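According to the numbering used here, the stretch in the sequence shown is residues 1 to 189, in order.
Misleading hints may appear alongside valid ones.
Label-pair restraints from in silico Cβ distances [stated by the list, open to error]: (1) 162 <-> 92: 33 to 43 Å; (2) 62 <-> 177: 19 to 29 Å; (3) 127 <-> 163: 30 to 40 Å; (4) 151 <-> 91: 23 to 33 Å; (5) 167 <-> 9: 12 to 22 Å; (6) 105 <-> 187: 31 to 41 Å; (7) 66 <-> 30: 35 to 45 Å; (8) 181 <-> 65: 23 to 33 Å; (9) 150 <-> 70: 34 to 44 Å; (10) 166 <-> 62: 15 to 25 Å; (11) 41 <-> 157: 17 to 27 Å; (12) 116 <-> 139: 16 to 26 Å; (13) 85 <-> 163: 30 to 40 Å.
In silico SDA-like pairs for lysine to any residue, Cα to Cα no more than 20 Å straight-line [unchecked claim]: (14) 126 <-> 57; (15) 150 <-> 7; (16) 33 <-> 140; (17) 126 <-> 33; (18) 126 <-> 67; (19) 181 <-> 16; (20) 126 <-> 185; (21) 161 <-> 27; (22) 126 <-> 38; (23) 126 <-> 148; (24) 34 <-> 107; (25) 126 <-> 7.
Since the hints were derived computationally from the structure, they do not count as laboratory data.
Owing to the predicted nature of the structure, the values given are computational and were not obtained by experimental measurement.
Yeah, the Cβ is synthetic: ideal placement off N, Cα and C, and Gly gets one too.
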Amino acid sequence: MEFNFSQILSTTMVLFAIIDILGAIPIVIELRKKAGHIQSEKATIVASVLMIIFLFAGETLLKIIGLDVASFAIAGSMVIFFIAMEMVLGLTIFKEGDAPETVSIVPLAFPLIAGAGTMTTLLSLKTEYATQNIIVGILLNMMFVYFVLKNTERLEKLFGKSGLNVLRKAFGIILLAIAIKLFRNNTGL
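Using the sequences and the accompanying hints, generate a full structural model.
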């Protein structure tokens with residue numbers, strides 16, 4: 001088992017862009033207002049466990065339903081593409097449901113942090129990077145997610161509304177490039 005700094009950095013950046021916790025600060029603030037309190041630790045742990053389980057069992061699950069990882073990666077690249085378009089253009093393609101009492105788990109841990117885009121990205125990353133490097137990338141991101149969840153109000157004041165919009169659009173462009181790369185790598189184009 002060999003750790004590769006370049007793979008860890010790439011994985012961390014890709015997951016950072018797809019999770020987009022900084023861009024989700026307004027959503028987190030709204031959830032906190034509705035629920036009164038968000039359990040940052042619980043949300044972080046649940047999202048981490050979901051991602052690691054999917055990293056290991058996702059491929060098996062796909063085989064059970066008759067899909068290969070390359071097909072899932074191509075589909076995932078399209079999901080990532082649309083998420084990136086939302087970020088860059090300010091569109092809403094994917095709708096979120098109302099926040100229930102258990103906002104720390106649903107919708108915060110799943111699907112906001114560990115959603116379809118994240119799960120798709122994990123399997124796509126698995127086609128290119130070593131599993132241990134992906135796990136390190138997940139853990140680094142979850143530490144950052146925890147920090148953001150604990151300090152949401154301070155970060156909102158620090159960045160301001162326009163600063164958060166700039167970050168969201170910048171990571172949207174990165175995601176567009178990632179989506180195109182995943183599509184090209186798995187289609188052979």
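Quick rundown of the hints versus the structure:
1. 162 <-> 92: 33 to 43 Å: 19 Å, violated
2. 62 <-> 177: 19 to 29 Å: Given about 25 Å between the Cβ atoms, the range holds.
3. 127 <-> 163: 30 to 40 Å: Since residue 127 and residue 163 have Cβ atoms about 35 Å apart, the given range 30 to 40 Å holds.
4. 151 <-> 91: 23 to 33 Å: Because 28 Å falls inside the window, the suggested range holds.
5. 167 <-> 9: 12 to 22 Å: 19 Å, holds
6. 105 <-> 187: 31 to 41 Å: Since residue 105 and residue 187 have Cβ atoms about 36 Å apart, the given range 31 to 41 Å holds.
7. 66 <-> 30: 35 to 45 Å: At roughly 39 Å between Cβ atoms, residue 30 and residue 66 fall inside 35 to 45 Å, so the hint holds.
8. 181 <-> 65: 23 to 33 Å: 26 Å, holds
9. 150 <-> 70: 34 to 44 Å: For residue 150 and residue 70 the Cβ distance comes to about 39 Å; the hint holds.
10. 166 <-> 62: 15 to 25 Å: 37 Å, violated
11. 41 <-> 157: 17 to 27 Å: The hinted range 17 to 27 Å holds for residue 41 and residue 157, with Cβ atoms some 23 Å apart.
12. 116 <-> 139: 16 to 26 Å: Holds: the Cβ-Cβ distance is about 21 Å, inside 16 to 26 Å.
13. 85 <-> 163: 30 to 40 Å: 21 Å, violated
14. 126 <-> 57: Given that 20 Å is the threshold and the Cα spacing comes to 12 Å, the pair holds.
15. 150 <-> 7: 28 Å, violated
16. 33 <-> 140: 27 Å, violated
17. 126 <-> 33: Measuring from Cα to Cα gives roughly 37 Å; hence the hint is violated.
18. 126 <-> 67: 15 Å, holds
19. 181 <-> 16: With Cα atoms ~17 Å apart, residue 181 and residue 16 stay inside 20 Å; holds.
20. 126 <-> 185: 13 Å, holds
21. 161 <-> 27: Measuring from Cα to Cα gives roughly 13 Å; hence the hint holds.
22. 126 <-> 38: Roughly 31 Å separates the two Cα atoms, so the pair is violated.
23. 126 <-> 148: 26 Å, violated
24. 34 <-> 107: 12 Å, holds
25. 126 <-> 7: Holds - the C-alpha atoms of residue 7 and residue 126 are around 11 Å apart, at most 20 Å.
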